[in-house]
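**Student:** Sequence lines, in order, name chains A and B.
To convert, note that position 325 of the first sequence is 325 in this note's numbering; the numbers rise steadily by one, no gaps.
To convert, note that position 94 of the second sequence is 94 in this note's numbering; the numbers rise steadily by one, no gaps.
Derived by calculation from the structure, the hints in this document are not laboratory data.
No experiment lies behind these values; they were computed from the predicted model shown.
For glycine and all other residues, C-beta sits at the position ideal for the given N, C-alpha and C.
Errors might be hidden in some of the hints.
Quick look at which bits of chain A chain B covers, simulated, 3 or more residues with Cβ under 8 Å [said to hold, decoys possible]:
1. 173-180
2. 216-228
3. 270-281
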Amino acid sequence: MAEVILDSVTKGFEGTLALDDVSIAIPDGSFVVLLGPTGAGKTTTLRLISGLDKPDRGDIFINGQSMKGLSPAQRNVAMVFQQYSLYPHLTVRENLAFPLKSPLLNLPSEQIKKKIDDVAEILQISHKLDNKATALSGGEMQRVSIGRALVREPSIFLMDEPLSSLDAKLRSDLRVELKNIQSNLGATLLYVTHDQIEAMTMATHIGVLDEGKLIQFGSPREIYENPISIYSASRLGQPRINILPAEIFDESPKNAKFIGLRPEQIFQGKGHDSLVTRVEHLGDQTRLHLSFKNHDLITVTDAHTPLSSGDIVKIQPENPFYFDVNGARL
Amino acid sequence: MAQIKIKNVRKDFGVFNAVKSSTFTIEDGEFFMLLGPSGCGKTTTLRMMAGLELPTSGEIYIDGEEVGQKRASERDIAFVFQMFALYPHMNVRKNISYPLLSQGMPRSDVKKKVAEVAEILGILDILDKPVGGLSGGDRQRVALGRAIVRNPKAFLMDEPLGALDAEFREHMSEELRALHDRMKATTVYVTHDQLEAMQMGDKIVVMNHGVVEQFGVPQDIYDWPATKFVAQFIGSPPMNFLEIDGMVGIGSTTIELSGMTQKIPEMRGGAKGRLNLGIRPEHIHFLDSSKYKGNVINTEYLGTTQIVSLATPDGEIKARIPANVAVKTGENIGLEFDARTITVFEGERGLALPSVANQGVISHG
Numbered sequence: 001m002a003e004v005i006l007d008s009v010t011k012g013f014e015g016t017l018a019l020d021d022v023s024i025a026i027p028d029g030s031f032v033v034l035l036g037p038t039g040a041g042k043t044t045t046l047r048l049i050s051g052l053d054k055p056d057r058g059d060i061f062i063n064g065q066s067m068k069g070l071s072p073a074q075r076n077v078a079m080v081f082q083q084y085s086l087y088p089h090l091t092v093r094e095n096l097a098f099p100l101k102s103p104l105l106n107l108p109s110e111q112i113k114k115k116i117d118d119v120a121e122i123l124q125i126s127h128k129l130d131n132k133a134t135a136l137s138g139g140e141m142q143r144v145s146i147g148r149a150l151v152r153e154p155s156i157f158l159m160d161e162p163l164s165s166l167d168a169k170l171r172s173d174l175r176v177e178l179k180n181i182q183s184n185l186g187a188t189l190l191y192v193t194h195d196q197i198e199a200m201t202m203a204t205h206i207g208v209l210d211e212g213k214l215i216q217f218g219s220p221r222e223i224y225e226n227p228i229s230i231y232s233a234s235r236l237g238q239p240r241i242n243i244l245p246a247e248i249f250d251e252s253p254k255n256a257k258f259i260g261l262r263p264e265q266i267f268q269g270k271g272h273d274s275l276v277t278r279v280e281h282l283g284d285q286t287r288l289h290l291s292f293k294n295h296d297l298i299t300v301t302d303a304h305t306p307l308s309s310g311d312i313v314k315i316q317p318e319n320p321f322y323f324d325v326n327g328a329r330l
Numbered sequence: 001m002a003q004i005k006i007k008n009v010r011k012d013f014g015v016f017n018a019v020k021s022s023t024f025t026i027e028d029g030e031f032f033m034l035l036g037p038s039g040c041g042k043t044t045t046l047r048m049m050a051g052l053e054l055p056t057s058g059e060i061y062i063d064g065e066e067v068g069q070k071r072a073s074e075r076d077i078a079f080v081f082q083m084f085a086l087y088p089h090m091n092v093r094k095n096i097s098y099p100l101l102s103q104g105m106p107r108s109d110v111k112k113k114v115a116e117v118a119e120i121l122g123i124l125d126i127l128d129k130p131v132g133g134l135s136g137g138d139r140q141r142v143a144l145g146r147a148i149v150r151n152p153k154a155f156l157m158d159e160p161l162g163a164l165d166a167e168f169r170e171h172m173s174e175e176l177r178a179l180h181d182r183m184k185a186t187t188v189y190v191t192h193d194q195l196e197a198m199q200m201g202d203k204i205v206v207m208n209h210g211v212v213e214q215f216g217v218p219q220d221i222y223d224w225p226a227t228k229f230v231a232q233f234i235g236s237p238p239m240n241f242l243e244i245d246g247m248v249g250i251g252s253t254t255i256e257l258s259g260m261t262q263k264i265p266e267m268r269g270g271a272k273g274r275l276n277l278g279i280r281p282e283h284i285h286f287l288d289s290s291k292y293k294g295n296v297i298n299t300e301y302l303g304t305t306q307i308v309s310l311a312t313p314d315g316e317i318k319a320r321i322p323a324n325v326a327v328k329t330g331e332n333i334g335l336e337f338d339a340r341t342i343t344v345f346e347g348e349r350g351l352a353l354p355s356v357a358n359q360g361v362i363s364h365g
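Same shape as in the complex, but just chain A:
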């Protein structure tokens, strides 16, 4: 297992900067999730660490060793992609054995068998080892591709949206499973996703990327409770944080241009009148769409609220975030 360091890494593709002077220290045994919209530089970061692409400037260190000039095979990293690429004509066991049969490793066959049995047990696919890969369900196939990464005992796992093609139920099961596997192995894992639930629930650290720049790096709780900018604050939280002009409520600090209100930062029952424009019952909670001084905002309330559209609700900010004209947190 390993610590990974990106030191001022820059990478461009045909005139656009995919990564712009990014430095990250990924501690040994951490589960790091890179979060950001399409084009933020998440996948580029993975590809640079794996050795599939080379940085234009800067360097990458795994366990203190520079990766300059090392091929993907020499780096001992394992990648898992969104689309599981298994060999369809091979059984699960043969698929798992494949990375171990590399002439570079030259492992004896009993050792290969033992490793496969161990990994199959961790992933709960022991009973499927002799099935053809094509006879598996989507969730099982993705488990096998994760297994193929596990058997190699790489120094770091790189995963690019590995759960996004699975259905909701399976995704939430595998989320818990993957997190348990990672923490039991003490593995270092770098994970790319669009899905904020995955980021919040699995990560020890989240890296927020915006147009190739690392905006914030910290625990999910730090990013959620202490975002450094509007952009960072907007990455986590459902419904999304409300951003309004700072002066809309009574007093605001000097230099404040925007006020940021997550649902729990909106106190209901005293303060200013707002109009309920829509009520959405989501089951465990109810979303209120409010109109306040011609601005729309969304907050949540009790599942069984008597409120309906047309009602007046008093609202007041409670420990809100303030941001300056550039969107930086004050």
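We have chain A; now place chain B onto it with these hints.
**Tutor:** Chain B only, in chain A's frame:
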């Protein structure tokens, strides 16, 4: 606009039975969701309303008129597909005008009508642009415009947002719903996304294996699921089931868990043997003094709340509690269940047993 009534509708494709025997009514002006996993028969049901498939048996009424065996063109209904099909060689205005011109409407009327629709959708500024260069959202708006312009009796939509990414989907779903609130047109909407269904729908039909499992307003379905399938399909995480071997009868107000007597809503039906106690994650509370313990397996931070997985003597459950409560893996925690919210399911068929709490809501099939 229109009321749509589905009565004992069945559809077979050869030997495969896609829809068993559906009965439900969509009231005039409703935003109505057909919800279920893939293969449950929801799209087939929608296509039968549109006239794109004909039912094997049963009746479909639009505003009281039986249309089951009529062709799509005779039903005055607009269909919006997941992949919005626009004419690529025409500009936005021509795409929206096309259905009217082909009906033979005079050009001056068409022009007025198109302007009206473009205004509603906020696409006046792109009317003369080719559709090729439009963003996903604008293409979707144009497709909607083409449906709206005909003034149909109802809109039928088959996962119209399915192909969009998460952030944009949320935005478009709000826009669609706001559009509906302005126009009040009867809309039937197919989705497999339970959150989308809860968020947008006035009413929901939940289908599984060609059968209507439950039909009602979103909050009722969430609170009082008629079957275990509905209890699991709606809600994230889904409803928990404590598995017990026991019995309840009419008038029962308690049930025996392992080592604890649990209060439940007064029963209006009975069953014995394998039973499931259904409890939503937010109705599980931590209470030190409780004799009923759960061992913490895992916690998932979600910002405002956290999900705690616990092993109990009656199976694994998930609780939703505030994020500021400190919870450690391996810890034993006393648990309390909100008795007013519990549903008892009969084990074999997974049907909810009636109680004073749910009897007004549940109706099977």
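**Student:** Does each hint hold? Answer for all of them.
**Tutor:** The hints, checked one at a time:
1. 173-180: Holds: 4 residues of the stretch 173-180 of chain A have a Cβ under 8 Å from chain B.
2. 216-228: holds (count 3)
3. 270-281: Satisfied; 3 residues make the cut.
In summary, this structure violates none of the numbered hints.
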